[in-house]
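Protein chains: 2
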Amino acid sequence: MKKFEAESRLEAHRRTVDNMDAALIYILSERFRCTDDIGRLKAEHDLPAVDKHREDRQMARLKALTQDANFDDDFIAGLMRYIIEEVIRRHRRAAAEHQSGADRAS
Amino acid sequence: MKKFEAESRLEAHRRTVDNMDAALIYILSERFRCTDDIGRLKAEHDLPAVDKHREDRQMARLKALTQDANFDDDFIAGLMRYIIEEVIRRHRRAAAEHQSGADRAS
Chain A
789 MKKFEAESRL EAHRRTVDNM DAALIYILSE RFRCTDDIGR LKAEHDLPAV
839 DKHREDRQMA RLKALTQDAN FDDDFIAGLM RYIIEEVIRR HRRAAAEHQS
889 GADRAS
Chain B
789 MKKFEAESRL EAHRRTVDNM DAALIYILSE RFRCTDDIGR LKAEHDLPAV
839 DKHREDRQMA RLKALTQDAN FDDDFIAGLM RYIIEEVIRR HRRAAAEHQS
889 GADRAS
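Residue numbers (our numbering), protein chains in the order written: chain A, 789 to 894; chain B, 789 to 894.
Just chain A, same shape as in the assembly:
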């Protein structure tokens, strides 16, 4: 392959990467809309903040998907930890907001 062909292939790949990044951002945004609603539901209905059984099932499922996608387990585990830490931070904020609303109402 000539260098200019390599550069044109590089450019095409970069357009694909840009499209994938847009997809990732919109999917993540939707995932957080969903987990934010979960946080509100848990706060309002006194449901347990952490469900170990759910977490174990979720992790086992992610591992199977990662292997099916022929992908690196450790990388995905680290990525999910990063996402889940943010979910927990937002759940705590929802619980605190619910609590301060309940305190004001009482």
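Some hints here could point you the wrong way.
Said to hold, decoys possible - Mimicking DSS-like on lysine-lysine, the simulated pairs with C-alpha atoms at most 30 Å apart in a straight line are:
1) LYS840(A) / LYS791(B)
2) LYS840(A) / LYS830(A)
3) LYS791(A) / LYS840(B)
4) LYS851(A) / LYS840(A)
5) LYS840(B) / LYS790(A)
6) LYS830(A) / LYS790(B)
7) LYS840(B) / LYS851(B)
8) LYS851(A) / LYS830(A)
9) LYS840(A) / LYS790(B)
10) LYS790(B) / LYS791(A)
11) LYS830(B) / LYS851(B)
12) LYS830(B) / LYS840(B)
13) LYS830(A) / LYS791(B)
14) LYS790(A) / LYS830(B)
It is worth saying that the hints were derived from the structure and are not from the lab.
Owing to the predicted nature of the structure, the values given are computational and were not obtained by experimental measurement.
Chain B: place on chain A using the hints.
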């Protein structure tokens, strides 16, 4: 909303989260197939490993998308750093593999 209704809504949300996670994993897997090929092209054609102009454009674009998705800039910036570190690790491996092939051939 009754507690059992909240639990059923929670379960529905969890199914959505599971679907989003599968989408994230398959999109990321495809993104790495693409960046792995970029790494090979760069190594084989002596193209610069880092392109500051490309990186700046990419970051500006991600920021605009994140704002459009009404989402947290810092969270996405951290996530992209985590992904890009892995891309660089894999590019370095591709360059080393290419170099050791070239050494054997010489």
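_Agreement of LYS851(A) and LYS840(A) with the hint, judged by alpha carbon distance not exceeding 30 Å_ = Since the Cα atoms of LYS851(A) and LYS840(A) sit roughly 17 Å apart, the hinted pair holds (cutoff 30 Å).
*Given the hint that LYS790(B) pairs with LYS791(A), test it: the Cα-Cα distance must not exceed 30 Å.*
65 Å, violated
_Given hint LYS830(A) paired with LYS840(A) - CA-CA distance at most 30 Å_ = 15 Å, holds
*Going straight from one Cα to the other, do LYS830(A) and LYS791(B) come out at no more than 30 Å?*
10 Å, holds
*Given the hint that LYS790(A) pairs with LYS830(B), test it: the Cα-Cα distance must not exceed 30 Å.*
Between LYS790(A) and LYS830(B) the Cα gap is close to 12 Å, so the pair holds against 30 Å.
*Agreement of LYS851(A) and LYS830(A) with the hint, judged by alpha carbon distance not exceeding 30 Å*: Holds, at about 26 Å.
*30 Å limit on alpha-carbon distance, applied to hinted pair LYS830(B) and LYS840(B)*: Satisfied, since the Cα-Cα distance of roughly 15 Å is no more than 30 Å.
*Quickly compare the C-alpha distance for LYS791(A) and LYS840(B) to 30 Å and report which way the hint goes.*
With Cα atoms ~20 Å apart, LYS791(A) and LYS840(B) stay inside 30 Å; holds.
*Taken at face value, is the distance from the CA of LYS790(B) to the CA of LYS830(A) at most 30 Å?*
12 Å, holds
*For the pair we were handed, LYS840(A) and LYS790(B), check the Cα-Cα distance against 30 Å.*
23 Å, holds
*Would the pair LYS840(A) and LYS791(B) pass a check requiring their Cα atoms to be no farther apart than 30 Å?*
20 Å, holds
*Would you mind confirming whether the straight-line C-alpha gap from LYS840(B) to LYS851(B) stays at or under 30 Å?*
16 Å, holds
In this structure, the one hint that does not hold is number 10.
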